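K.L.:
Take a look at the letters that make up each chain.
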Amino acid sequence: MNTAIESKAPKSSLEDFPLNTWERCREFLKGELDVSDFNTWINPLQAEEEGGNLILWAPNRFVCDWVHDRYMNQIKSFVKHLMNTDGASCDIILRIGSKDEAVAAKAPKFAAAAKQPITPSENIRSASIKTSNVSALHKEEPIPEHHSNLNPSFTFDNYVEGKSNQLGRAAALQVAENPGSSYNPFFMYGGAGLGKTHLMHAIGNKIVENDPNAKVIYLHSERFVADMVKALQRNAITEFKRYYRSVNALLIDDIQFFAKKDRSQEEFFHTFNALLDGQQQIIITSDRYPKEIEGVEERLKSRLGWGLTVAIDPPDLETRVAILMSKAEVSNVDLPHDVAFFIAKQVQSNVRDLEGALKRVVANSHFTGRPITAEFARESLQDLLTAQARMITIDNIQKTVAEYYKIKVSDLLSKRRTRVIARPRQMAMALAKELTNNSLPEIGDAFGGRDHTTVLHACRKISSELTKDLDLKEDWDNLLRILSC
Amino acid sequence: MKTKQLTLGIRWQDAASFDNFYVASENAFALSCLQDLTNSPSKNQIGLFIYGSDGSGCSHLLQASCQAVIDRPVAYFPLKNKKLHPEMLQGVESMHLVCIDDIDSIAGDTAWEEAIFHLYNRILLEDTRLVVASHKPVTEIQFTLNDLRSRIQGLLKVEIQTLSDDQKMEALNLRCNCRGFELPLEVARFMISHYQRDMGSLMDALDKLDQETLSEKRRLTIPFVKEVFGL
Chain A
1 MNTAIESKAP KSSLEDFPLN TWERCREFLK GELDVSDFNT WINPLQAEEE
51 GGNLILWAPN RFVCDWVHDR YMNQIKSFVK HLMNTDGASC DIILRIGSKD
101 EAVAAKAPKF AAAAKQPITP SENIRSASIK TSNVSALHKE EPIPEHHSNL
151 NPSFTFDNYV EGKSNQLGRA AALQVAENPG SSYNPFFMYG GAGLGKTHLM
201 HAIGNKIVEN DPNAKVIYLH SERFVADMVK ALQRNAITEF KRYYRSVNAL
251 LIDDIQFFAK KDRSQEEFFH TFNALLDGQQ QIIITSDRYP KEIEGVEERL
301 KSRLGWGLTV AIDPPDLETR VAILMSKAEV SNVDLPHDVA FFIAKQVQSN
351 VRDLEGALKR VVANSHFTGR PITAEFARES LQDLLTAQAR MITIDNIQKT
401 VAEYYKIKVS DLLSKRRTRV IARPRQMAMA LAKELTNNSL PEIGDAFGGR
451 DHTTVLHACR KISSELTKDL DLKEDWDNLL RILSC
Chain B
1 MKTKQLTLGI RWQDAASFDN FYVASENAFA LSCLQDLTNS PSKNQIGLFI
51 YGSDGSGCSH LLQASCQAVI DRPVAYFPLK NKKLHPEMLQ GVESMHLVCI
101 DDIDSIAGDT AWEEAIFHLY NRILLEDTRL VVASHKPVTE IQFTLNDLRS
151 RIQGLLKVEI QTLSDDQKME ALNLRCNCRG FELPLEVARF MISHYQRDMG
201 SLMDALDKLD QETLSEKRRL TIPFVKEVFG L
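Protein chains in written order, with this note's numbering: chain A, 1 to 485; chain B, 1 to 231.
Same shape as in the complex, but just chain B (with noise of 0.2 Å):
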């Protein structure tokens, strides 16, 4: 009998920084902007709306934005995990950098509207930088708050372009040589055309495949991912 190689028992963590996001040139302009937010000695602008779909890489961008700030305190608040509480945003206006992830998942909620606000208006009085990011654009989210609405309108917003299918494969790529691992060109081809195609699907398949070739001490092979995927 075959056996398995024991794979250790930490967890790989993609420490998610601007090197390894793959940018498309459509979304070169989102970059600039965001690394310009968080490097800036002086705060010209109070922050940035980034928006796109699911997978388009929003998170790992506000992600990006918190590991380049570097010995200064910054917070991150992924707003569609409900454990989180309006409460918490009290006194992070201290914070060098303040990450509003899925801002959309909270709409309608008066209670996170408005301390999102007040953050808001406590942010203008210091040298904070704001990012706020969303599934979709300012004027499609039901905020029931205007006065919050109007705020983020007048960050500078930018969108971040879904990859094409050629882009998502260079995606992928520049992930496995980040991991150290090789993956052949017909092998992304065949996950594109067989596998769910947003790039979050994508790359947890690629998180599955890494574990899996360790375990069985197997080549990454199109016959090995339909055995993996049962495809």
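Bound-form chain A, shown alone (with noise of 0.2 Å):
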């Protein structure tokens, strides 16, 4: 692809040229565009001086292919038209990256951003530069500077304690005290919005406050994945692979999105190995447990469970309404015990939908200049409670209860009393009876035409077990928290 454009004259001393010939192209642009389409393709590109010519950054190759397909024309057309008023001339050249060099710094430097033109002339010239660096890689040189990406605000003080991820904090503690001895790899699984990332940054920042020369590097699996496929791309592996083993501690987020991607896969392995034996600290989530990652081959599989491997589970109410106050006080707001325990009470989901109600109470608080009240709260949640409402249906619960037993709805109605769907289907009607407004007649009519007095022994049944019998507590936690996200 050549986007180059070579329209030569005279160059003018006009203040500002080539930048104030971009900023008048730009709002030719507006008017001939529709807004939409102005503000996906023309707005996002970032305009540089470079040598009297105009580079025009666009963020990736489809957008760049994009203009330059449909829009170079255009713009060649009107920058001529203007130099031909001005007497200036410059080139064009479309680049795919960022002229913000603060950004491409942050990634090493085997995958920061692409700075080559996309002329087949520049093509070349980034050729010859890949020689240049494979060659001067025999050389040792060395390792690019690390960037840790690890965020300060998540610590060990901030992280809120409950019984669900007691055991999850103890072992990250003991992980950041004592990094490559005492778990390694350590792995912490969970669904999402738990908790996972933030014990990982904690872990983070503690080995590097305890030690501050310590490489500490936190990344998510994409990120992992998109730099070794620059790598791949810049012939560049042999300074990816160093700098990725040079680390005291490599973090890697959801590592469930390694999943088909072999190549990567491959490379990680190899990498997971070397730490390994460099007894280097290796940290890793995922939303599973190791073993049920799909797509993950069977050796990677195996090595991520050799270390400690914890689960973070939902955090129960006392926990949730701990999170709250703890999430009000880093942001200066005084939230009322009630109003903390009420929003508990209606979020059961995860830590995020919790720090989302909290946000929209907050922010409503600050927009009228009312107290937060439990009123107040609930006024503010309005929304968010109507839709939950609308989600909890007999129907969406039977189908959620079948779901999750893998049953079908219709054995729920059938007259089975098998065990494997007479539990899943008292579960259901207690489940009906807590969440829902209906009457007990109206939930036995919608379970295949039973009798309300049916209906009444599942949920005295169901209520009697759940002190008892642990499982069957932890399938009633499950299916609370999945029906009212």
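Be careful, since some hints might not be right.
As the list claims (entries may be wrong) - No farther apart than 20 Å at their CA atoms in a straight line, the calculated lysine to aspartate or glutamate pairs in the EDC-like style are these:
1) B:K82 - B:D104
2) A:K260 - A:D277
3) A:K406 - A:E474
4) A:K99 - B:E26
5) B:K43 - A:E329
6) A:K30 - B:D71
7) B:K136 - B:D109
8) B:K80 - A:D37
9) A:K359 - B:E26
10) A:K261 - A:D316
11) A:K291 - A:E329
12) B:K82 - A:D69
13) B:K83 - A:E329
14) B:K83 - A:E474
15) B:K80 - A:D262
16) B:K82 - A:D475
17) B:K80 - B:D204
18) B:K80 - B:D104
19) A:K261 - B:E114
20) A:K261 - B:D109
21) B:K82 - A:D34
22) B:K83 - A:D69
23) B:K217 - B:D207
24) A:K415 - A:D451
25) A:K359 - B:D36
26) A:K399 - A:D445
27) B:K136 - A:D475
28) A:K99 - B:E126
29) A:K260 - B:E114
30) A:K261 - B:E87
31) A:K433 - A:E379
Said to hold, decoys possible - Chain A is nowhere near these chain B residues, computed Cβ spacing over 10 Å in every case:
32) Y22
33) S42
34) L183
35) R197
No wet-lab data here; the hints were simulated from the structure. Please read these numbers as outputs of a predicted model, since none were measured by experiment. Glycine is no exception: its CB is placed at the ideal position from the N, C-alpha and C atoms.
Bring the two chains, given one by one in their own frames, into a single complex with the hints.
P.N.:
Here it is as structure tokens:
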């Protein structure tokens, strides 16, 4: 693809040329294009002056190609028209990346934003750069400066401990105090929004606090894959390997996104082995237990489970209240305990949902100037509560319970009384009684025309079993969480 | 024979802005949140999720947010547009503001869901603001990726309320004032009661009437509206 415009004319002494030209061009395109198209394709372009030429940075190849194919002629003719008027000249070069050096600098050298124009001649130039990189690597170039990507606001101090995460927190602290020696690899798994990432950053921050020279790198698995692909494209895989194998602790979030990415798994497998051999710490999170991650090679799954694996479960009511109080304190918000209790009772699914609800109440209070009370919280979260209520119907409960126990909805409505059907049916009835306003006869009708006394029996049975049967209690909590999400 | 006046070959663009958005009292909070997010020099929260039914003005607000940012790059992704591709979210974390419109239209599309999820994670590491719009509340969007759902749930969520008929008339009037012509009250009332009542259709009708009054050199009256729309 060639997007260079070769329009030569005497250079102008105009101030800010050619950025000024681009501003005028943008104004012209604003009038020509649909607002939506302008915001999608033209607004993301960043202009920069280089040697009197206009460089337009597109964030990715897709936008770059689109602008080149659909708008470059318009841009070209308008600029030509301006040049004829002003007596100036410039080339227009489309490039992929960002003019913001800070963004590029956050990526290691082998994966930094491609600062190459997408012209054939320039591709040749970038190819020659690749060659020189490779030869330089043989001379053992220094390892690129590392960027930890750690979020300093995630610490052990502001991680609220409860029954659901106390094992995870204790183990994480142990890892942070003795990286590479206590539990390696350290694997945390659990549903979305339960605090795995917070704990991961907390470990990284603690390691750096104890040893400011420690090289700790946090990254999402997608970034590992993207860096590897870029390194392959730039023939810099050796540098990539050295970079990731030189760290004291490698923290990889959401490893389940490695699924079906065989080349990345292969590379990670070798990095993993190298780090383990060097007693460097590996910390990994996933949404499920290592053996249950689909699309990941068996040998990698097996290694993931070599160290310590801990589950992070959804927080209970008391922990949710404590989380809300802690988050409010961080934001300097005075949150009454009864309001925290109200929100925690309504939002049971995960910490992000809790955070979203709290943000809503606080923002509303700032906007209206009203104090935060339970009544005010109810008003502020009205749409959330209505949406939740819309979700919780008997039909939806039946569908969710059937999916959870891997049976059919028709089984729940049938006359069959085998235990594998009867227990989920009782559970669904009890949930319908707990979460909807339907009467017992209505619930009975919805379950294949059963009598209201059958529903009453189911509710009593489940209620008494919940105190004795821990597995049943876990199922109940999980279903409540799924239904209120 | 009466001659038609030719209108200029330039399409009038009502550049969406906060100023030409009719703010019903119920929606003042949403507008304030959006303005705070786009104007604040420091990023005190990652973003905002706004939702409302068709024609409630979510798209207008997203585009207005883009217009409100000066001298910094922004990106707007109307996901209903099937020509867009998940690959185009790569690298946009370097923008000042990223607006994702109609997120509910890609629910169930794994490639899009993962691309938005990864973008969210990259945005966390940057000084980038995110605004996401949908026609449904998050709880009703059928995402297959729970990781994405939970991240959207964590944003500040605000509903854009549908306007009442009186508010719709005021909104039409505001749009006419911005374009420099008068909308007689009886005409506005007639449009509301005889035409499709969602704001999108009403604004399109206003576009057509604007063109027709100009080319026919006629005043905007009820008989003229009937003639234009064959009512």
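K.L.:
Go through the numbered hints given earlier and state which of them the structure violates, listing their numbers in rising order.
P.N.:
2, 4, 10, 11, 13, 14, 15, 16, 27 and 31
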